Amino acid sequence: RYRSVRLFLDICVKCGACADKCQFFLGTGDPKNMPVARADLFRKVYRRYFTLGGRVGGRAAGAEDLNEAVLREWYTYFYQCSECRRCSVFCPYGIDTAEITAAAREIMAAAGVATKYVTEVVAKVYDTGNNLGIWPPAWKDNCSFLEEDLRDTEGLDVKFPVDAVGAEVLLILPSADNFANTNTMIGYAKMFHAAGISWTTSTYCNEGGNFGLFLNYANLKKINNRILEAARILKVKKIYWGE
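One point on numbering: in this note's numbering, the residue at position 203 of the sequence shown is 203, and numbering is uninterrupted.
Calculated directly from the structure, the hints in this document are not laboratory data. Source: prediction; values computed, not measured. Here a beta-carbon is modelled for each residue, glycine too, at the ideal position from N, C-alpha and C. Careful: at least some of the hints might be erroneous.
Said to hold, decoys possible - Derived pair list, reagent style EDC-like, types lysine to aspartate or glutamate, alpha-carbon separation capped at 20 Å:
no.: 1; residue 1: K221; residue 2: D141
no.: 2; residue 1: K32; residue 2: E73
no.: 3; residue 1: K32; residue 2: E83
no.: 4; residue 1: K235; residue 2: D163
no.: 5; residue 1: K140; residue 2: D127
no.: 6; residue 1: K14; residue 2: D30
no.: 7; residue 1: K32; residue 2: D10
no.: 8; residue 1: K238; residue 2: E154
no.: 9; residue 1: K222; residue 2: E154
no.: 10; residue 1: K116; residue 2: D127
no.: 11; residue 1: K44; residue 2: E99
no.: 12; residue 1: K159; residue 2: E148
no.: 13; residue 1: K140; residue 2: D152
no.: 14; residue 1: K237; residue 2: E148
no.: 15; residue 1: K32; residue 2: D20
no.: 16; residue 1: K116; residue 2: E83
no.: 17; residue 1: K221; residue 2: E120
no.: 18; residue 1: K238; residue 2: D163
no.: 19; residue 1: K44; residue 2: D10
no.: 20; residue 1: K222; residue 2: D65
no.: 21; residue 1: K190; residue 2: E154
no.: 22; residue 1: K32; residue 2: E68
no.: 23; residue 1: K21; residue 2: D141
no.: 24; residue 1: K140; residue 2: E120
no.: 25; residue 1: K222; residue 2: D127
no.: 26; residue 1: K190; residue 2: D141
no.: 27; residue 1: K14; residue 2: E148
As the list claims (entries may be wrong) - Now the in silico label distances, taken between C-beta atoms and shown as ranges:
no.: 28; residue 1: N224; residue 2: A111; range: 16 to 26 Å
no.: 29; residue 1: F50; residue 2: Y126; range: 32 to 42 Å
no.: 30; residue 1: L66; residue 2: M191; range: 48 to 58 Å
no.: 31; residue 1: G94; residue 2: T182; range: 38 to 48 Å
no.: 32; residue 1: A195; residue 2: L26; range: 39 to 49 Å
Starting from the given sequences, assemble the full structure and let the hints guide the process.
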């Protein structure tokens, strides 16, 4: 499952090509925010438990035990990485530091270490279907409001279907588009209306973003599966998904 992470840890030659490509290193000037140095924080623990030299030689072999102090350091630096993968573009070996970051966050999550913001947002997805915590009645009310607004301002009878069983398309969008960026939501509706395509949103899953990316693989997969579950519940033919 984690063969790619192991490969990336083993093949890095520390050439430094990634160093000045990370916006967090450029912004903070902290050497440990260089992608290669951030990966080294993980590599030390990897060596301790998964290489013969690390198990035998310990710190002399560049290995380090996973303890509270290490977790604190990981929390500081691995949650500064946005997993944008810019460093990977410039790496001559194609090392994906974002995968190393994700692996470190998964270990931290298993140990109960994560940011309050990420855990709260992930919990909202399971409670309400989206990152913003918009409950189904509020989602439906806002869709009705947009229908009325279009009729009043443009004279258009455009529908914003919610939980419509048998529609051709299930639209999975950033929840903010139905809350803050409503012009974008209106644009979706106009496009489907003009194309004559039946569509719907779902109150079970109405979030295109997946904050499981910033927590662990288990939540990443579980949140993605909610999209498929919503599609099966509503018996749609296609999923249009954007974030």
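Verification of the supplied hints:
no. : hint                       : in the structure
1   : K221 with D141             : violated (30 Å)
2   : K32 with E73               : holds (10 Å)
3   : K32 with E83               : holds (16 Å)
4   : K235 with D163             : holds (10 Å)
5   : K140 with D127             : holds (16 Å)
6   : K14 with D30               : holds (17 Å)
7   : K32 with D10               : holds (19 Å)
8   : K238 with E154             : violated (29 Å)
9   : K222 with E154             : violated (40 Å)
10  : K116 with D127             : holds (16 Å)
11  : K44 with E99               : holds (16 Å)
12  : K159 with E148             : holds (9 Å)
13  : K140 with D152             : holds (19 Å)
14  : K237 with E148             : violated (28 Å)
15  : K32 with D20               : holds (12 Å)
16  : K116 with E83              : holds (18 Å)
17  : K221 with E120             : holds (17 Å)
18  : K238 with D163             : holds (14 Å)
19  : K44 with D10               : holds (11 Å)
20  : K222 with D65              : violated (31 Å)
21  : K190 with E154             : holds (11 Å)
22  : K32 with E68               : holds (18 Å)
23  : K21 with D141              : violated (45 Å)
24  : K140 with E120             : violated (23 Å)
25  : K222 with D127             : holds (13 Å)
26  : K190 with D141             : holds (19 Å)
27  : K14 with E148              : violated (59 Å)
28  : N224 with A111: 16 to 26 Å : holds (24 Å)
29  : F50 with Y126: 32 to 42 Å  : holds (33 Å)
30  : L66 with M191: 48 to 58 Å  : holds (50 Å)
31  : G94 with T182: 38 to 48 Å  : holds (41 Å)
32  : A195 with L26: 39 to 49 Å  : holds (44 Å)
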